[in-house]
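Visitor: Listed below are the residues making up each chain.
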Amino acid sequence: MAAKVWNRLTMGVCYYPEHWDKSLWQDDLRRMKDAGITVIRIAEFAWNKFEPREGEFTYDFFDEFLALCEKEGMQVIFGTPTATPPAWLTEKYPECLNARPDGTLLRHGSRRHYNYNSPKYRELSARIVEKIAVHLGQHPAIVGWQLDNEFNCETNVFYSNADTEAFRLFLQEKYGTLEKLNQAWGTAFWNQDYTDWQQVYVPRPTIHDNHNPHQELDYRRFIAHSTLSFARMQAEILRKHIDKRMFITTNGMFGHIDNHRMTRECLDTYTYDSYPNFGFPLDGRFDPKELNDRKWSRNLTEVRSICPHFGIMEQQSGSNGWVTRMEGPAPRPGQLTLWSMQSMAHGADFICYFRWRTCAFGTEIYWHGILNYDNRDNRRLQEVKRVSALMEKLQPVCGAASAAKVALLRDYDNLWDAEVDAWHRRLQDPSEKAVFEASQRTHTPYDMFFLHDDTQLCELKRYPVLIYPHALILSAKRADLLRAYVQQGGTLILGCRTGMKDMNGHCPMQPMPGLVADITGTTVEDFTFQSPAEAPVNALWDGEMLETPVFNDILRSHGDAKVLARFDSSYYRGEPALVENQVGKGRVLHLGSVFSLQNVTQLLRYCGVLTPWADTLELPEGVELTVREKDGRLYFFLLNYQSEPQTVVFNREVRSLTRGDTVCGSMTLPPFGTDVVTID
Amino acid sequence: MAAKVWNRLTMGVCYYPEHWDKSLWQDDLRRMKDAGITVIRIAEFAWNKFEPREGEFTYDFFDEFLALCEKEGMQVIFGTPTATPPAWLTEKYPECLNARPDGTLLRHGSRRHYNYNSPKYRELSARIVEKIAVHLGQHPAIVGWQLDNEFNCETNVFYSNADTEAFRLFLQEKYGTLEKLNQAWGTAFWNQDYTDWQQVYVPRPTIHDNHNPHQELDYRRFIAHSTLSFARMQAEILRKHIDKRMFITTNGMFGHIDNHRMTRECLDTYTYDSYPNFGFPLDGRFDPKELNDRKWSRNLTEVRSICPHFGIMEQQSGSNGWVTRMEGPAPRPGQLTLWSMQSMAHGADFICYFRWRTCAFGTEIYWHGILNYDNRDNRRLQEVKRVSALMEKLQPVCGAASAAKVALLRDYDNLWDAEVDAWHRRLQDPSEKAVFEASQRTHTPYDMFFLHDDTQLCELKRYPVLIYPHALILSAKRADLLRAYVQQGGTLILGCRTGMKDMNGHCPMQPMPGLVADITGTTVEDFTFQSPAEAPVNALWDGEMLETPVFNDILRSHGDAKVLARFDSSYYRGEPALVENQVGKGRVLHLGSVFSLQNVTQLLRYCGVLTPWADTLELPEGVELTVREKDGRLYFFLLNYQSEPQTVVFNREVRSLTRGDTVCGSMTLPPFGTDVVTID
Amino acid sequence: MAAKVWNRLTMGVCYYPEHWDKSLWQDDLRRMKDAGITVIRIAEFAWNKFEPREGEFTYDFFDEFLALCEKEGMQVIFGTPTATPPAWLTEKYPECLNARPDGTLLRHGSRRHYNYNSPKYRELSARIVEKIAVHLGQHPAIVGWQLDNEFNCETNVFYSNADTEAFRLFLQEKYGTLEKLNQAWGTAFWNQDYTDWQQVYVPRPTIHDNHNPHQELDYRRFIAHSTLSFARMQAEILRKHIDKRMFITTNGMFGHIDNHRMTRECLDTYTYDSYPNFGFPLDGRFDPKELNDRKWSRNLTEVRSICPHFGIMEQQSGSNGWVTRMEGPAPRPGQLTLWSMQSMAHGADFICYFRWRTCAFGTEIYWHGILNYDNRDNRRLQEVKRVSALMEKLQPVCGAASAAKVALLRDYDNLWDAEVDAWHRRLQDPSEKAVFEASQRTHTPYDMFFLHDDTQLCELKRYPVLIYPHALILSAKRADLLRAYVQQGGTLILGCRTGMKDMNGHCPMQPMPGLVADITGTTVEDFTFQSPAEAPVNALWDGEMLETPVFNDILRSHGDAKVLARFDSSYYRGEPALVENQVGKGRVLHLGSVFSLQNVTQLLRYCGVLTPWADTLELPEGVELTVREKDGRLYFFLLNYQSEPQTVVFNREVRSLTRGDTVCGSMTLPPFGTDVVTID
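Chains as they are written, first to last, in our numbering: chain A, 5 to 684; chain B, 5 to 684; chain C, 5 to 684.
Misleading hints may appear alongside valid ones.
It does not matter which identical chain is meant; a pair holds if it fits inside one copy or across any two.
[Said to hold, decoys possible] In silico lysine-lysine, DSBU-like type, Cα no more than 30 angstroms apart, as pairs:
| hint | residue 1 | residue 2 |
| --- | --- | --- |
| 1 | 135 | 389 |
| 2 | 481 | 299 |
| 3 | 96 | 124 |
| 4 | 248 | 566 |
| 5 | 37 | 96 |
| 6 | 465 | 589 |
| 7 | 397 | 37 |
FYI, nobody ran anything at the bench for these hints, they're computed from the structure.
Let's have the full structure, built from the sequences with the hints guiding it.
Guide: Okay, structure coming up:
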């Protein structure tokens with residue numbers, strides 16, 4: 005549906021008419037248009053503007069504002085206001101509130117303090133959404149709708165009584181009987197058997213806050229289910245009443261949601277809120293050797309996996325920060341442009357800045373918008389105007405697809421298991437970071453690909469190489485899909501602990517890597533975290549060092565499988581660390597460790613997919629390369645994150661879309677400078 | 005009223021007759037007198053000694069003890085016992101307890117576990133105070149009264165239901181209508197509007213414990229209001245019944261109190277509890293480059309701003325420490341004297357040690373008094389005797405005023421806003437520390453001056469130079485006062501972010517520095533925290549480096565305002581960092597950054613007020629200088645905080661009050677040694 | 005009774021028939037036997053297998069399993085299942101749950117979430133224990149019983165209402181009247197007097213969570229009382245029904261229990277759970293200079309003080325770790341043997357591994373057993389078999405006693421006071437660690453000895469030297485015992501702060517060291533923590549440096565007492581730091597500081613007990629020596645904790661029990677290697 009939504013690169017801004025005197029509205033809209041802004045996102049926290057008291061509905065405020073938008077030709081994305089229930093609501097119906105595990109209710113005064121499962125909140129939310137949809141569903145100024153605001157932002161755990169009630173229903177639906185629940189949750193351990201559904205709760209306070217890990221895994225699936233269900237409720241109401249030309253989206257990307265499924269089932273497009281300045285925190289966490297703002301490219305890669313042509317609903321335009329925390333410096337001149345280009349480089353066809361003017365009161369007086377409190381033109385507004393001109397030059401790129409040839413496989417079961425399981429987490433976090441870093445530093449663009457139950461082989465076959473770092477949880481269905489991928493010519497790279505768990509998080513009584521042992525050609529003979537009492541254990545691969553950090557599976561190879569590298573120290577010195585197995589037209593590489601920048605680089609080189617456009621351009625490490633493709637034409641996005649100029653070398657003639665000229669040989673990107681080039 | 009209270013330098017000690025067998029009382033009093041102690045502070049935790057069960061009053065215990073005091077000629081400061089409600093009270097009336105934000109009551113077993121607003125606690129407190137006042141109000145042994153003990157010590161936040169009830173009344177009084185409350189609290193942000201007063205609470209648990217910042221600011225004002233109201237209730241009862249020769253005071257100096265107003269409205273004098281040994285904690289926080297025990301001079305400077313001739317109700321005499329925390333070494337020989345002199349150097353005319361003998365049970369067995377558990381004479385008692393002799397020699401100084409020519413401006417609105425606002429806090433804390441450090445290390449004595457609504461220009465005019473580091477919050481009244489000060493010849497130094505907020509903490513839609521822009525001759529064009537990705541940004545001032553740390557306002561000068569210094573790096577290199585503007589007979593210096601030891605030193609030198617007594621004496625950095633003045637005579641206090649001897653050079657002949665002789669040229673202060681000299 | 009229990013060195017394993025399909029049982033038992041395992045511990049969490057619903061009892065499951073054990077000749081230790089109450093129980097009777105101080109109940113889902121004092125839990129526990137005892141008390145396969153599992157593991161503090169009720173009874177029993185309670189708790193401080201028993205609680209939330217220290221001390225005694233009472237209840241039920249040949253034990257060693265008394269009054273033998281791999285944590289706490297896994301020898305020394313011939317109910321066989329925390333590496337090849345030998349070296353005559361096969365679900369999927377999930381033979385099973393063979397060779401050692409000549413004195417009053425009192429804790433922790441480290445590094449085996457009210461002089465007289473580091477709490481009875489010990493020839497070493505408190509934790513009004521001043525020949529003139537502002541203060545002893553860290557008692561010697569060492573810096577330079585006093589046939593050494601590796605070594609050397617077997621063998625620091633003695637024969641256990649070989653030198657001919665040959669001169673212990681030698 006994406007094509008329907010973004011036909012051209014479009015610029016927007018978030019606006020809050022309820023924060024300003026009406027006398028400012030017209031001037032604001034005209035200055036926006038003057039800057040190239042054609043869309044505004046509004047109303048996502050404005051419940052009281054429609055229902056100031058329970059059951060009393062009024063539409064005057066937004067009718068007046070939307071009339072002005074229509075008059076000024078400004079397009080509007082309209083938010084449903086359910087992220088901030090009114091004080092009158094939560095005071096009268098505290099059962100709508102979210103709670104801490106000990107039952108303490110999370111009260112009015114922040115945002116997202118509701119739970120998804122309270123019948124009363126569902127009822128009141130459905131009513132306000134329906135009232136708004138009925139009233140505004142055909143409004144000519146409105147082009148799209150945003151559901152709520154940032155589902156699962158602020159918190160992605162829920163402990164209200166309503167959540168326990170809903171969790172029981174979710175589990176009854178999933179398991180049917182308590183016997184099956186007991187089996188799935190391994191309640192034989194520590195005498196945890198349930199004999200009545202009323203004994204089952206969302207995680208509650210326990211000693212050490214230790215909970216059954218299978219319950220915790222199902223609890224995360226339940227939260228995703230709750231969120232989806234709440235989003236679907238709103239989307240269905242909207243669809244009944246809004247004009248067909250309007251789209252439905254939501255914004256942000258937060259935990260404990262199957263964003264892919266939500267997008268597929270409820271949305272027309274997905275939008276992300278991109279704040280790369282979080283990469284420069286004042287709290288002492290800043291590490292100049294890290295990728296900092298460039299790490300947002302990893303988030304954007306995930307967004308692209310959800311929706312190839314997405315939008316940015318909130319693109320950073322000034323310093324971020326709440327009154328209470330998250331202090332950061334102002335974006336440097338050029339960074340607003342850089343980060344806008346970063347979004348487009350990864351597939352964003354809509355860039356909507358947050359926000360027009362910094363709020364003059366409340367928690368977010370330091371979450372700066374384009375304009376400051378003083379409302380004067382400033383350097384940021386100038387930069388927005390330049391981005392606007394840039395976007396016009398880049399219109400040919402609108403709708404172009406990622407040209408990556410490597411994908412990182414992920415699935416929600418393993419992502420959530422790594423939250424529950426500290427051993428899993430110690431593998432997943434560094435490995436996923438390593439794949440991203442290797443991609444960035446070697447200019448090997450990669451995609452993320454999330455395995456779902458309905459994933460088709462053809463989707464995977466687009467990628468010559470797949471990395472699935474630590475698929476502890478595997479299902480037969482997924483193992484079959486991987487087997488087919490490899491048999492048809494794909495290269496699959498797996499790390500340690502693969503195949504250790506089933507879908508419930510139990511450990512099947514079979515040697516690892518379990519369900520994929522037939523395609524890896526390996527058995528895990530022994531395994532250990534690297535000992536803090538020993539030096540790091542590496543491997544030797546054709547006489548060269550291969551990093552094998554954190555955790556080691558000590559492998560045995562079978563059949564024709566070939567040992568590529570062997571551990572070089574500790575009690576398993578000389579044992580296989582990396583095994584390659586030919587399967588059909590493809591192969592599996594099984595690495596008995598966590599991934600690192602070094603070993604991912606070695607593996608991608610071995611697989612022949614490292615730095616795939618080296619023939620066309622040579623780039624310093626400090627410049628990011630992404631490649632988008634449309635109608636057979638490649639667009640190379642070059643992004644300099646450094647405060648120093650960087651030199652790029654083109655080995656063939658390319659044309660710069662931003663400047664119009666052609667270049668061959670070296671070119672200098674200024675500090676924070678960007679370009680997009682293509683080969684004619 | 006101060007003169008009335010302390011006619012001569014006086015020495016006291018805290019005593020707890022209820023902790024000891026009566027057989028010890030007489031010996032204790034006689035040994036005190038032998039050491040030069042003429043006053044004791046008693047009874048401040050002894051509620052049960054008057055009302056062992058609800059409504060049963062008895063006076064025998066203290067009657068007996070006070071008779072002995074009268075007989076022995078010992079003067080008594082008598083404490084009201086409301087800091088420790090009895091077990092029977094809080095068990096029967098748990099509504100009197102303070103609570104955590106989640107409602108958990110803070111129970112019996114510690115101290116100060118009550119709230120100020122419970123009607124029942126008000127009633128029971130009023131009754132016990134009245135009973136005691138009626139019974140002892142004319143007692144010949146009593147010279148003064150202490151209200152409660154250390155208001156807002158242990159905690160300065162209150163979350164009981166009674167506090168919410170009182171907060172609503174406070175807000176109704178302040179705002180009249182909910183509409184005005186909603187406006188003042190900016191409830192348009194995040195849909196926080198209140199439609200019923202019952203929806204308004206003291207801060208409650210929210211997600212991230214994030215609260216409306218304007219509510220938080222008012223909440224602090226409310227706590228100050230509650231404390232004042234509770235203190236006033238007690239003071240008014242006492243005044244009705246006590247002899248006119250007796251004074252009323254309270255002790256300590258803690259947060260969320262307008263101590264100036266409380267002193268003005270309720271007290272005859274203010275006393276402070278001084279424990280400089282906290283500067284040597286065992287928990288690893290000790291930094292030998294810090295000012296450590298000398299930092300208590302900063303507290304004493306604040307105390308002096310509340311009450312120029314104050315007392316020390318609890319002066320450290322031994323190691324501090326609860327059973328559970330705050331472990332520290334024993335004060336070294338000489339430090340008891342040094343810290344007593346530190347108090348007098350800053351204006352204390354009464355030194356009352358805590359405590360006569362270390363308690364043998366309870367939480368404070370390590371909060372050592374003069375004597376140890378064993379009750380033997382010891383080195384500390386010897387030192388007290390020497391201080392006693394010293395005080396006799398210093399009697400001419402009693403009532404002398406501070407001779408500082410520089411003042412640090414402060415106001416409670418900005419102090420409390422900096423608690424609420426992390427951005428503000430990152431400015432205020434280092435700047436205030438820098439002013440103190442520069443004062444100490446350059447021997448430029450300074451005062452603190454708190455702006456209140458009724459501050460008069462004549463009060464400010466005593467100071468040729470005022471530093472008001474980060475007056476984010478400004479009112480028109482305060483801006484007018486500053487303007488008048490400057491016009492009449494004063495020099496006003498302002499730092500970054502001045503004028504950013506109004507009294508509610510909203511950001512007015514005007515360029516900074518807002519209400520004082522006319523006297524600074526500046527506009528803030530852009531602003532940013534210094535980026536962790538960049539090297540520290542400094543400025544150049546006539547070719548010399550000027551530190552401009554933490555946060556930068558990038559200034560523009562107007563009219564005749566003169567750019568003194570420009571930033572030397574980052575994207576705003578070359579932009580104005582320090583602007584001077586002549587206004588009437590005076591001038592404003594606007595610095596676009598936080599203050600540091602280096603830049604405060606530079607600014608004070610530029611203003612001609614650095615090291616004002618350099619002609620008279622030359623001091624090493626390790627010695628503190630304070631100067632008191634009386635009847636045209638200056639008294640120079642010299643305090644050596646080092647464990648090594650320090651050499652002082654007198655450029656003219658001075659007379660030592662402690663030794664009686666005259667000196668010219670160099671003199672050695674022994675380790676922890678002190679002296680007071682004057683010029684005849 | 006120990007001899008009755010362990011007649012020979014025995015190997016066992018923990019097994020959970022309820023975790024596995026019945027089809028695995030026989031194979032498991034047979035493979036165990038094949039490995040030399042003759043005993044299994046079962047059922048300690050299996051309440052639901054007997055009582056799946058309230059009042060419905062069933063025995064089939066364990067009847068079937070025990071029949072198989074009988075058939076296979078496997079001996080069984082049977083656990084009472086009270087550590088994990090069923091979900092039906094805690095859902096219906098939440099009063100059985102433990103709670104946080106704020107009253108939040110600790111819910112189902114972990115283990116040990118019950119409290120000892122709920123009448124309902126007592127009733128249900130008694131019933132299930134009785135039902136099992138009646139049904140299985142004569143079962144031929146059962147050889148012993150384990151009470152509950154790891155009393156006071158997970159948490160050793162209890163805050164339920166039932167605990168408050170029981171605490172009041174405990175205090176009424178102890179004090180009789182509130183007047184006496186008030187006196188004992190020093191309630192005169194901070195007006196804490198109780199006037200009704202209903203005002204008395206277990207510690208509740210207070211400001212700073214600060215509580216009356218005397219209450220806290222009694223609260224720990226109360227927990228020990230509760231645990232003992234609960235254990236006794238179970239033991240008495242069992243004794244009524246089980247066969248006389250069966251023994252009763254419990255496992256683990258956790259806080260707030262008088263394990264000595266519990267063992268004496270309720271058990272036939274004591275067993276410990278030994279997990280030395282906690283010495284290699286992944287969380288960054290690992291310090292390669294520390295003793296790491298060797299620190300478990302300190303725990304085993306404590307276990308030996310409780311029960312000289314104990315068992316290990318859970319001996320580490322694989323990596324430890326919950327899903328949520330405590331990640332660790334796999335034990336290296338050889339460490340399983342090393343740690344088994346470590347247990348035997350300290351007196352264990354029974355080694356029962358945890359567990360047969362790693363659990364495939366639940367919180368402990370990473371608490372690895374001998375076998376992995378895949379159930380294949382592995383290196384750990386091979387190593388168990390080798391340990392089995394080794395144990396046969398070591399059978400002569402069974403029942404041998406420790407030959408240590410030095411003991412560390414301890415008592416529960418001081419141990420618990422050091423938890424309550426941060427000043428005490430800063431002394432006790434480093435001193436106890438120092439004694440252990442000096443013992444290990446100088447090969448001076450030591451015992452721990454716990455003083456109880458019924459300790460007899462003859463028990464102490466076994467040790468020529470006793471170290472009682474910081475007996476802050478002393479009773480006249482204990483002082484008398486120490487006096488008698490010294491008079492009859494013993495050497496007693498005391499550290500700073502000795503004799504500072506009475507049994508209630510009050511500080512008597514007498515000079516330190518109080519009740520033992522007559523035998524130390526000293527008075528403490530002054531005292532101080534070492535100041536962070538000064539360099540560490542040491543002493544000089546005959547021209548050599550003696551460490552005197554952390555806290556200094558500045559001593560004065562009396563009578564014939566001799567000053568051995570004097571402080572060398574700070575204000576007490578030249579004052580006595582170490583005083584020796586001859587008393588009767590013995591002597592007391594009073595050190596005015598905390599103990600350190602250096603000063604303990606110096607003191608033991610001075611007392612002539614350092615490295616007592618140096619004539620026989622010379623050992624590198626990395627090898628532990630323990631010596632057991634039986635029928636006049638010494639057995640030297642040599643344990644190499646290093647991953648490198650270590651060389652031992654025998655100065656006389658010894659015979660290796662493990663290899664059978666004799667050695668003289670040097671011998672190499674392989675990495676993690678061990679041996680036991682004797683002199684023929």
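Visitor: May I ask which of the numbered hints given earlier this structure violates, with the numbers listed in increasing order?
Guide: 1, 2, 4, 5
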